[in-house]
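K.L.:
Below are the chains, spelled out letter by letter.
Protein chains: 2
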Amino acid sequence: MDGLKSYLDIVKECDNFPYKTDNPSLYNSYLKNYYAFKVARIPRPFTFPDGWVVDHERQELILAPALDDNLTESEKAREKARRRTSLMDSTLKTMSTTSTHPEFTSLARKWRDETFPIYTTTTKPKTLLLEIERSASALFGILTSGVQLTAYTTDPATNELKIWVARRSRRKQTYAGMLDSAAAGGLETRMVPLEGIVREAVEEASLDEGVVRRGLKCVGALSYYHVMSPSPSSSSPNKARDAKLEEVGFLQPETEYIYELHLDSDTRPKPGDSEVEEFYLWSVEELKAALLRGEFKLNSAIVVIDFFVRHGVITAENERDYVEIVCRLHRRL
Amino acid sequence: MDGLKSYLDIVKECDNFPYKTDNPSLYNSYLKNYYAFKVARIPRPFTFPDGWVVDHERQELILAPALDDNLTESEKAREKARRRTSLMDSTLKTMSTTSTHPEFTSLARKWRDETFPIYTTTTKPKTLLLEIERSASALFGILTSGVQLTAYTTDPATNELKIWVARRSRRKQTYAGMLDSAAAGGLETRMVPLEGIVREAVEEASLDEGVVRRGLKCVGALSYYHVMSPSPSSSSPNKARDAKLEEVGFLQPETEYIYELHLDSDTRPKPGDSEVEEFYLWSVEELKAALLRGEFKLNSAIVVIDFFVRHGVITAENERDYVEIVCRLHRRL
Chain A
1 MDGLKSYLDI
11 VKECDNFPYK
21 TDNPSLYNSY
31 LKNYYAFKVA
41 RIPRPFTFPD
51 GWVVDHERQE
61 LILAPALDDN
71 LTESEKAREK
81 ARRRTSLMDS
91 TLKTMSTTST
101 HPEFTSLARK
111 WRDETFPIYT
121 TTTKPKTLLL
131 EIERSASALF
141 GILTSGVQLT
151 AYTTDPATNE
161 LKIWVARRSR
171 RKQTYAGMLD
181 SAAAGGLETR
191 MVPLEGIVRE
201 AVEEASLDEG
211 VVRRGLKCVG
221 ALSYYHVMSP
231 SPSSSSPNKA
241 RDAKLEEVGF
251 LQPETEYIYE
261 LHLDSDTRPK
271 PGDSEVEEFY
281 LWSVEELKAA
291 LLRGEFKLNS
301 AIVVIDFFVR
311 HGVITAENER
321 DYVEIVCRLH
331 RRL
Chain B
1 MDGLKSYLDI
11 VKECDNFPYK
21 TDNPSLYNSY
31 LKNYYAFKVA
41 RIPRPFTFPD
51 GWVVDHERQE
61 LILAPALDDN
71 LTESEKAREK
81 ARRRTSLMDS
91 TLKTMSTTST
101 HPEFTSLARK
111 WRDETFPIYT
121 TTTKPKTLLL
131 EIERSASALF
141 GILTSGVQLT
151 AYTTDPATNE
161 LKIWVARRSR
171 RKQTYAGMLD
181 SAAAGGLETR
191 MVPLEGIVRE
201 AVEEASLDEG
211 VVRRGLKCVG
221 ALSYYHVMSP
231 SPSSSSPNKA
241 RDAKLEEVGF
251 LQPETEYIYE
261 LHLDSDTRPK
271 PGDSEVEEFY
281 LWSVEELKAA
291 LLRGEFKLNS
301 AIVVIDFFVR
311 HGVITAENER
321 DYVEIVCRLH
331 RRL
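From first to last, the protein sequence lines are chains A and B.
For the first sequence, the working numbering begins at 1 and goes up steadily by one.
For the second sequence, the working numbering begins at 1 and goes up steadily by one.
Incorrect hints may appear among the rest.
No distinction is drawn between identical chains; accordingly, a pair holds when it is met within one copy or between any pair of copies.
[Said to hold, decoys possible] In silico BS3-like pairs for lysine-lysine, Cα to Cα no more than 30 Å straight-line:
1) K20 - K38
2) K126 - K5
3) K93 - K110
4) K288 - K126
5) K288 - K93
6) K20 - K126
7) K110 - K20
8) K38 - K12
9) K217 - K20
10) K20 - K32
11) K162 - K12
12) K76 - K288
13) K217 - K162
14) K217 - K12
15) K93 - K12
Everything labelled a hint here was simulated from the structure, so no lab data went into it.
When you get a sec, could you build the whole thing from the sequences and use the hints?
P.N.:
If you want it as structure tokens, here you go:
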């Protein structure tokens, strides 16, 4: 073994919740560790005083705040979301100070004061059920969304493709010092993907907003089901930081909206906030080598793989797991 | 209703085998109509004289020809594949003349004398189990592979993207007169995707082989699980020809390897064999209109949708079902 990963290894590290069709008993052994998180349609008679219901038999955790009945139907939906958000917020704050469980005590330190939205999955259009503090979303296995930008250029002398790669700040809480996309971020409540990626590109990479808006291309979405594990790549010296011990087993189903930006050869991204330490302009070969050494943040690694697929670097001819890779980059959640 | 489909409608017409997670009882009602097709590892004691075993209880159909024991291990694998291929071939030929079932009697007319390969799904590398006559593969629900080429150009005056679209011959057995990719075809036994698409581009679109090989880019793979239905788009005047009555219910899980070719504005594909009647050079808007009117062959329609996703025509902003569409274009089979 040369310590290098295969592309499929990388995809599997990211999309690592088992598939039922591959191994039903493994899948079920995972499932039995989790409770479904639900919100009740109406306040239920057996609601606990604080609005939470735990049903151990059905493995369900239900959020059902009491509701004022003197409301119109349209007020009700918004009021329900507000109540749930407020109940979730106060519960998390209380737990972070009173609980002795490390997943709660660590919340105070990780608290970001940004919320992720939780939507209905079965209605069209989807409606907002509640908002949850960003750092707590993994506690509930909430489906989160993010945006990722691959910025690249064409070498004027050689016509060669060159890709901008970010080195994450060594002071970041997560994946410190690892490699990353030119810009990326989570989609907070009420943020649409396009505005999210424009903001990240301007803030993290100091790119001109006009340049970004004119050149930006939406080129797909990746989705995967990640379970946090203590050390996803212990074989590698450049060990990926995945979960702290208190987070092991947390579920992170995630959708990433993928954008591309072809830059002029004289436009250079520069670190704009404390997120990025440095930008590199790499050839496909340099990028591939760093990727297979495991130096990328997990969900940015699969963005590189998707870029390689779309640009004909990874092909049906040179990659034996081609179809499996392409399908697992797009898991239906 | 204006009679136009949505992009998701089109994807769902193609990927139309139900998902277990969406509706377990519908999924199971589909499953009970099918028998698993298996090949036995070793000749089994209860093998019928003709090498076929039908196990009604387990819903299994097993192909297990007797094997000469005086063979080395490496000879055995190849010999087994040869025996199974030969048994399958003679069974199909016999059935096509002696059976009164329309799915068999129609075989003689549809016989193409090209075979599709059937591989192991669990071993790495995959090995060939047997070959099956192309026109009979849907009888067994065999996973087939194909190649599709989108040829496009950039208008030198306006810099606008223009896409080459083929009109299928009105004399073709399947999807006669409908719109199609610039070149496409099924992957026969021992044909790799790249060679398959080069051959189709040269034969069907009369493109120069050198031009094709230099410009061709492998940009992904689509996969879907199709069940043949009598009229997938009865609401449309340009009704897609899907299954003949004798084929209703046939399973067609399929993987399509996707290629792109950017052509100079003075290179024009021309019908090269009897497959294509005419080529059109269309703007994105013209292509989109024809697509949503349901004028494309089903699995070429999703190639257009995938092209639109990769080229930023369909985006996270303008398409509410964006993530669902992208995931269902890449069903894990």
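K.L.:
For each hint, tell me whether it holds in the structure or not.
P.N.:
The hints, checked one at a time:
1. K20 - K38: Classified as both: same-chain Cα gap 22 Å, cross-chain 21 Å, threshold 30 Å.
2. K126 - K5: Cα proximity of K126 and K5: across copies only (21 Å, versus 39 Å in one copy).
3. K93 - K110: This pair counts as within: shortest intra-copy Cα distance 12 Å, inter-copy 69 Å.
4. K288 - K126: between (38 Å within a copy, 26 Å between copies)
5. K288 - K93: neither (43 Å within a copy, 50 Å between copies)
6. K20 - K126: For K20 and K126, both the intra-copy (27 Å) and inter-copy (22 Å) Cα distances are at most 30 Å.
7. K110 - K20: neither (33 Å within a copy, 38 Å between copies)
8. K38 - K12: Both, since 28 Å and 28 Å are each at most 30 Å.
9. K217 - K20: Classified as neither: same-chain Cα gap 35 Å, cross-chain 34 Å, threshold 30 Å.
10. K20 - K32: This pair counts as both: shortest intra-copy Cα distance 13 Å, inter-copy 19 Å.
11. K162 - K12: within (26 Å within a copy, 37 Å between copies)
12. K76 - K288: neither (52 Å within a copy, 40 Å between copies)
13. K217 - K162: For K217 and K162, both the intra-copy (17 Å) and inter-copy (17 Å) Cα distances are at most 30 Å.
14. K217 - K12: This pair counts as both: shortest intra-copy Cα distance 27 Å, inter-copy 26 Å.
15. K93 - K12: Neither way: K93 and K12 sit 34 Å apart in one copy and 44 Å across, limit 30 Å.
Hints 5, 7, 9, 12 and 15, counting from the list given before, are not met by this structure.
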